[in-house]
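Participant: Respectively, the protein sequence lines represent chains A and B.
Residue numbering for the first sequence follows my numbering, starting at 1 and increasing by one per position.
Residue numbering for the second sequence follows my numbering, starting at 249 and increasing by one per position.
Calculated from the structure, these hints are not laboratory results.
Please note that the accuracy of each hint is not assured.
Here are the computed distance ranges between Cβ atoms for each label pair [unchecked claim]:
(1) A/TYR241 <-> B/ASN480: 56 to 64 angstroms
(2) B/ASN403 <-> A/MET103: 15 to 23 angstroms
(3) A/ASN94 <-> B/ASP490: 35 to 43 angstroms
(4) A/HIS88 <-> B/GLN494: 31 to 39 angstroms
Think of the CB as a built atom: it goes at the ideal place given N, C-alpha and C, for glycine as much as any other residue.
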Amino acid sequence: MDSITLRLPHTVERPAEATNYEPTTRISQPTVTGTSVVAFKYKDGIMMATDCLASYGSMARFRDETRMTAVGKTTLLGMSGDTADFQHMKHTLNNLLTQEYDMDDGQNLGTRSIYKYISNIMYGRRTKIDPLWNSYVIGGIDNGEKVLGFVDYYGTTYQSPTIATGFGAHLAQPILRKYVEGHEDEITEEDAIRILDDCMRVLYYRDCRTFNKLRRAKVTAAGVEISEPYALETNWNIAEYVRGYGPF
Amino acid sequence: MARRYDSRTTIFSPEGRLYQVEYAMEAISHAGTVIGILSKDGIVLAAERQATSNLLEQSIGSEKIYEMNDNVVAGVAGLTADANILINQSRIIAQRYLQKYDSPIPVEQLVRRLCDMKQGYTQFGGLRPFGVSFLCAGWDSAFGFQLYQSDPAGNYSSWKAACIGENFSNAQSILKQEYKDDDSEGSSSTAGTQMTMDDALKLTCLVLSKTIDTAKLTSEKLEFATITLKNNKPHIHIYTSDEIDQVLTKYDSVIKPSNND
Numbered sequence: 001m002d003s004i005t006l007r008l009p010h011t012v013e014r015p016a017e018a019t020n021y022e023p024t025t026r027i028s029q030p031t032v033t034g035t036s037v038v039a040f041k042y043k044d045g046i047m048m049a050t051d052c053l054a055s056y057g058s059m060a061r062f063r064d065e066t067r068m069t070a071v072g073k074t075t076l077l078g079m080s081g082d083t084a085d086f087q088h089m090k091h092t093l094n095n096l097l098t099q100e101y102d103m104d105d106g107q108n109l110g111t112r113s114i115y116k117y118i119s120n121i122m123y124g125r126r127t128k129i130d131p132l133w134n135s136y137v138i139g140g141i142d143n144g145e146k147v148l149g150f151v152d153y154y155g156t157t158y159q160s161p162t163i164a165t166g167f168g169a170h171l172a173q174p175i176l177r178k179y180v181e182g183h184e185d186e187i188t189e190e191d192a193i194r195i196l197d198d199c200m201r202v203l204y205y206r207d208c209r210t211f212n213k214l215r216r217a218k219v220t221a222a223g224v225e226i227s228e229p230y231a232l233e234t235n236w237n238i239a240e241y242v243r244g245y246g247p248f
Numbered sequence: 249m250a251r252r253y254d255s256r257t258t259i260f261s262p263e264g265r266l267y268q269v270e271y272a273m274e275a276i277s278h279a280g281t282v283i284g285i286l287s288k289d290g291i292v293l294a295a296e297r298q299a300t301s302n303l304l305e306q307s308i309g310s311e312k313i314y315e316m317n318d319n320v321v322a323g324v325a326g327l328t329a330d331a332n333i334l335i336n337q338s339r340i341i342a343q344r345y346l347q348k349y350d351s352p353i354p355v356e357q358l359v360r361r362l363c364d365m366k367q368g369y370t371q372f373g374g375l376r377p378f379g380v381s382f383l384c385a386g387w388d389s390a391f392g393f394q395l396y397q398s399d400p401a402g403n404y405s406s407w408k409a410a411c412i413g414e415n416f417s418n419a420q421s422i423l424k425q426e427y428k429d430d431d432s433e434g435s436s437s438t439a440g441t442q443m444t445m446d447d448a449l450k451l452t453c454l455v456l457s458k459t460i461d462t463a464k465l466t467s468e469k470l471e472f473a474t475i476t477l478k479n480n481k482p483h484i485h486i487y488t489s490d491e492i493d494q495v496l497t498k499y500d501s502v503i504k505p506s507n508n509d
């Protein structure tokens, strides 16, 4: 909560020194990273999936990572990009929620507010040339309406019934657009799971920085639920026919 | 005796009073009356203009009633110049919240921030308090319609009907008698009241007629505003002179010195 700055007379309070903005002398590069997030609106709310991998370059370093988190009771945040920056964002959001809790006034921050809050942080950081190296997907139900939005490290924002980051934007988005766009309110949970698994399967086949262990999450009127990890059934038969595959 | 403790707001008197704050409230009790009445469909705010003259260009600008945000409208009583500062501050507060959270500021939070500011001027800085009281009428999705009264001390409370300014105690007692309070237990989170907007407007006219000194109530002397819901969104309507005349005509029965008293 920002305080009102009372400009008190100089006998009481010294004026604030002008802030110096010096040029950045450090580079920004991600270290431990997560790959795609896939999310879309369905009949009961929002569904989102991420795999459980945090890569250290090309090494599959942390294989039980959760790249999604609940923010309050009505919002789900999924991330791709740097894990440390995600943890920082989680801490910041936690502080925000604690402040709101302390206010104890019966008001809650809805998904749109969380989305705006995160967007402002991301754009502010990019303006200081010190980005949080992430792409976020924020989903939830705000006043009965399904909200699904995207923010990246430039501070670019957009909302859409289907959102995918990273490789997902290239490989999963066409699948989502075909099966989800236009039918958001008709897709049942079973159908949604099937669509999601199909997307994640394609990503597992084609994205080198994935892992066959993923989590699914949904936001409905009942709240946010993140599933336990599970694996997808895959078929690598065609691999034999790929020239150069194997020792022969 | 009190004079010794007047000069600075930051000083308590031996009886434990803050005289400057009390003097501020005294100033307000000489200002034009503002009445606010909560109904289940909205809130009515009415105010008496004190600066009236043929030469005044009344149609431009407000003296008493101001929009603070899309969902909050307030009536002020007291030093107009002080009020202008606070209104500007509250508008900035509301816009900052909107920029940060993409959501209209909850009414109580806006009132609280404003009151925290007013309180600051009673505790440090050696400056005098703001000589303004507010009646803030607003709507938010958590608590529906709410009416808050705040004073120069920085106190605020929520009311079903309230009055500030000249003759406020008179008006308050009439409101207490005439306001239809809700007796039932099962009221929802929004205001537990049986009053309709029509009832509220009628009661407003009644109270105005009994507390304002002039012989006849005219739109020249009054400012009127309502906040209601349109398409599930808060809608603030600040009445034009003609619209005020219409209201006064409609409820003429309660205004005229009644023959059936």
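Participant: Now, for every hint given, state plainly whether the structure supports it.
Facilitator: For each hint, the structure was consulted:
{"no.": "1", "hint": "A/TYR241 <-> B/ASN480: 56 to 64 angstroms", "verdict": "holds (59 angstroms)"}
{"no.": "2", "hint": "B/ASN403 <-> A/MET103: 15 to 23 angstroms", "verdict": "holds (18 angstroms)"}
{"no.": "3", "hint": "A/ASN94 <-> B/ASP490: 35 to 43 angstroms", "verdict": "violated (54 angstroms)"}
{"no.": "4", "hint": "A/HIS88 <-> B/GLN494: 31 to 39 angstroms", "verdict": "violated (58 angstroms)"}
Hint compliance for this structure: hints 3, 4 are broken, all remaining hints hold.
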